[in-house]
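Participant: Chain residues, written in single-letter form:
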Amino acid sequence: MEFEEYVSARGQELVRLGFTVSGDYQRAEDLAQIALMQAFRSWRKVRNADDPHHYVRRILINAYLSMTRRRSFTEAPTAEIDPQRTVPDPATDIVNSDDLWRSLAGLSARERVVLVLRYYQDLDDRTIADLLGIKPSSVRATASRALATLRRTRQSHRVDERLS
Amino acid sequence: MSNTDLEDDLRATLDRAAASVPPVTGLTERATTGARQAQRRTWIVSSAAAVAVAAIAIVGFGLAGRNAPAQPPVAAGTSSAKPEASVQAQLSPQTVSGTWRPLQMTGLKALKAERPDDPVLVLRPDGTWGGSDGCNGLQGTYTIGQRGEFTAKAGPQRLVGCENVPHTGVLQAAKRVALDANTLRFYAADGRELARYARAR
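Protein chains in written order, with the numbering used here: chain V, -17 to 146; chain G, 39 to 239.
Read the hints as simulated data drawn from the structure, not as lab findings.
Possibly wrong hints are sitting among the right ones.
[To be verified] With a straight-line Cα cutoff of 20 Å, these simulated SDA-like cross-link-like pairs (lysine to any residue) come out:
1. V/Lys27 / G/Lys147
2. G/Lys150 / V/Trp83
3. G/Lys147 / V/Arg26
[As the list claims (entries may be wrong)] Computed footprint of chain V on chain G; a stretch qualifies when at least three of its residues, placed anywhere within it, have a C-beta under 8 Å from a C-beta of chain V:
4. 213 to 220
5. 225 to 235
Bear in mind the structure is a predicted one, so any value in this text is a computation, not a measurement.
From the three backbone atoms N, C-alpha and C, an ideal C-beta is built for every residue, glycine too.
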């Protein structure tokens, strides 16, 4: 498979994965681009891997986790923003209406990644563990912790709704 | 709420979020251009580092030489420096002029990769050099001493990315050359061989 064929077949999927883990459309594109750039540089090796997509997906996830570890991850707004030039994000309306999506933003980067890989990518815990370089038991513990947090957040939202 | 309900909701939420991502175009171009630019940046940084190391080595050796006790005079022609030992012809722009094809370069494995242009180095008797890195025309000037002392400067160059052959980096880092039959070798200040070329014509 040539690089161009891979990108046309899976490129959009990578952007979607980037969006589900980061929750930010622009960052999703950046993550897909970073993953594809790195894959392109060693394409011969990637192509010969058992599952090239798994390889590229791993690059993307690691790029995201490294990004979140940087101190500059929480970007400060620039001094001057021209509101006329901001680009509307078509995803915003849809996801803002979903409290579960908002609750995901409160999880740690690793918890969110584990949930995305498990429930969006439908990967089993062993594959997730391999992808993240951790033990399957750590994946299970992380997922369980993340689900508990989501359940708590959801319940408190519902209580708030009843009270208001 | 049961765990299964939450898991089902989570699946639906993530699917909806993923489906909301608008189509992205030009990913291939962005990835390939970005990767090539990154490769070029890596090369520029490593070239700069090589030049810096060479400069430090020269200064270091200079200082060490100044502080060293006086050595007995060495008979002419018995220098132990490796580059000079292999010099057979008296060097000048006339003797090294010609078209040279790279045989070996430190740190470059993809020397035989296919490139749009023939990646040759052309040394001219008037002290200018040219050629191609495989996809960009190269040019510059060079000087060469009788015992192989070498300096080179690069002129303006295009920066198209491919498996670029870093002639410019070699020439700028080289402090000495040696010509042996039809093989031209470039050495760094510390005597390390940087590249080896064969005469093409």
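Participant: It remains to establish, for every hint, whether it holds in the given structure.
Facilitator: Here is what the structure says about each hint:
1. V/Lys27 / G/Lys147: 15 Å, holds
2. G/Lys150 / V/Trp83: Judged against 20 Å, a Cα distance of about 51 Å means the pair is violated.
3. G/Lys147 / V/Arg26: The hint holds at about 14 Å.
4. 213 to 220: Violated, because only 0 residues of the stretch 213 to 220 of chain G bring their Cβ atoms closer than 8 Å to Cβ atoms of chain V.
5. 225 to 235: Three-residue rule not met by the stretch 225 to 235 of chain G, so violated; n is 0.
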